[in-house]
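There are 2 protein chains.
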Amino acid sequence: MISLDDVRSAATVIAPHVVRTPLLPYGPGWLKPESLQPIGAFKLRGALNALARLENRERGVVAYSSGNHAQAVAFAARLHGVPAAIVMPDNTPAVKIEATKALGAEVFIVGITERVERAEALVAERGAALIPPFDHPDVIAGQGTIGLEILEDLPDVGTVVVPMSGGGLISGVATAIKTLRQDVRVIGAEPALAADIADSLRAGELVHWDPDERARTVADALRDEPSELTWEHISKLVDDVITVTEDEILTAVADLARRARLVAEPSGAVAVAAQAKFGGGVAVVSGGNIDPELLSDVLTNS
Amino acid sequence: MISLDDVRSAATVIAPHVVRTPLLPYGPGWLKPESLQPIGAFKLRGALNALARLENRERGVVAYSSGNHAQAVAFAARLHGVPAAIVMPDNTPAVKIEATKALGAEVFIVGITERVERAEALVAERGAALIPPFDHPDVIAGQGTIGLEILEDLPDVGTVVVPMSGGGLISGVATAIKTLRQDVRVIGAEPALAADIADSLRAGELVHWDPDERARTVADALRDEPSELTWEHISKLVDDVITVTEDEILTAVADLARRARLVAEPSGAVAVAAQAKFGGGVAVVSGGNIDPELLSDVLTNS
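Protein chains in written order, with the working numbering: chain A, -3 to 298; chain B, -3 to 298.
Treat the hints with care, since some could be wrong.
[Stated by the list, open to error] Short derived list, chain B residues pointing at chain A, Cβ under 7 Å: (1) V15; (2) L20; (3) P21; (4) S31; (5) L32; (6) P34; (7) R254; (8) R257; (9) V259; (10) S292; (11) L295; (12) T296.
The set of hints was computed from the structure by calculation and includes no laboratory data.
All values reported here derive from a predicted model rather than from experimental measurement.
Where is the CB? At the ideal position from N, CA and C, for every residue including glycine.
Chain A extracted, bound-state conformation (with noise of 0.2 Å):
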């Protein structure tokens, strides 16, 4: 498991590159708003802090991902100077996609299950290292930046609530706060529709599901399983799960655009969506990445 002084180091070296982001009030709680990164979601931390720490960067790097994730590894790349390969599957929001090229990545897109299979044919190829999404330690530990930054901005805060999918994310703010203040409640956010993690801590156990049905949910970035390191912080460090419905999710998202005048997407609104049921805490917005048509018919319809 990562450290709190793993996520220490990782906050020194990404500060230069990221937006230190301020906590908004909303309603009786607060926002965390890493939908103003400059990728638009929390994946350029911990892609900044693997990347910073690859000794052998020069022939490039690799990733696999939905999207926030190849983003975040396309912006790291350009900025240390190394050429990334990206593998997307062929359900990406076409939003994700360009902006991946925009960052000047070369972005191969496969059907859902050869994503794994392409990237580490790509790695053999070109003697390139592979970034994965969540399953890195330091990948983890640049997530957990963010819970530094809660606690710093907002010493009294009570409960956190993290979007969990991969578990990344979750793992690294769990990590940071739990070794801190053992007395905040972290609380990880589903999609109902993809509530693998819920099912999994009922049963004391990591539980599979299908991919087909974890990809239901309109949350796209949110249709990942965790692996054993991040089952092992998550089953170790997360207080309790809040599973929503997609009609939350579009409300948070549409609610988020009105009330706190962010854009976030499906997925970045997920905690904000059982931050509701609650009613306070921090909630992290972690992605604004949407399809302009779908905010514009969520505006119009939730």
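Assemble chain B onto chain A, guided by the hints.
Chain B in isolation, oriented as in the chain A frame:
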């Protein structure tokens, strides 16, 4: 004219109640997203400073405003536990009227030409204090805190672009910036359909446009004209003006949602539209209270 000390003193007074907005990278420049303030606009800064310095506020406060100042005064009054009566013109977007009521203010809707008279009548009837939207040193000093924050976060800033209407925001920001750093250019941005300050600077004296002319722009918060006090600051401190078309304003609203994940109202995007012509510097995103239907429309058509 106000002084740097007035702005610094305002910063101390308002710090506990405003969001310390970060600078967000945006193309070759930066954004200062005041749309993230609790009421969705920079106006909170000036209203909080003015209300905190009122000696005789127990009988309440009165304001007239096309929207964001209304919410700012309502928020500040609630914070201090005093009643607020707000006079709003009948062409104010519904979202701003509802938000003002939700903050506990008593709202009076009148024709746009009657608003000052009605506000003065309320002051006389109730013995309440009028908080003007821009024509007051404490209001200007509060808005100027944005300039201090920009210099703190980006010491090597070259240009700051600020929307202009009544001129309170740019008067405060220019006072802070030009006193500390004469080499930083302070540029005003105006809709071409309400470009009375551009005309005034060319003429070397305050030129008046008919209110009906100024009312044509979609930037509904930029339909005012300077007072003698703000004109004195503008004429002495502002380096240049960039005017933007209605199309450029709406394109900036769409770009901010897509690329910066910010919800901006048309008035709030005017400095960003000007920045796009200019290619860098810091643009103040002054507000985010847009009717959701308009945002939805802009996202699919601009």
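Results for each hint:
1. Given the 7 Å rule on beta carbons, the hint for B:V15 holds: about 5 Å separates it from the nearest Cβ of chain A.
2. Hint status for B:L20: holds, given a least beta-carbon distance of 6 Å to chain A, under 7 Å.
3. Because the smallest distance between the Cβ of B:P21 and any Cβ of chain A comes to about 5 Å, under 7 Å, the interface hint for this residue holds.
4. Interface hint status for B:S31: upheld, as the beta-carbon distance to the closest one in chain A is roughly 5 Å, under 7 Å.
5. With 7 Å as the threshold, the beta carbon of B:L32 comes within range of chain A, its nearest partner Cβ sitting at about 6 Å, so the hint holds.
6. Here the hint on B:P34 is kept, as its CB sits about 5 Å from the closest CB of chain A, short of 7 Å.
7. Of the supplied interface hints, the one on B:R254 holds, with its beta-carbon coming within about 6 Å of a beta-carbon of chain A, less than 7 Å.
8. Annotation: B:R257 was flagged as interfacial toward chain A, and the flag holds, the nearest CB pair being 3 Å apart, inside 7 Å.
9. Proximity of B:V259 to chain A holds as hinted, the smallest CB-CB distance being about 4 Å (cut-off 7 Å).
10. This hint holds: B:S292 has a C-beta 4 Å from the nearest C-beta of chain A, less than the 7 Å allowed.
11. About 4 Å separates the beta-carbon of B:L295 from the nearest beta-carbon of chain A, less than 7 Å, and the hint is met.
12. With 7 Å as the threshold, the beta carbon of B:T296 comes within range of chain A, its nearest partner Cβ sitting at about 5 Å, so the hint holds.
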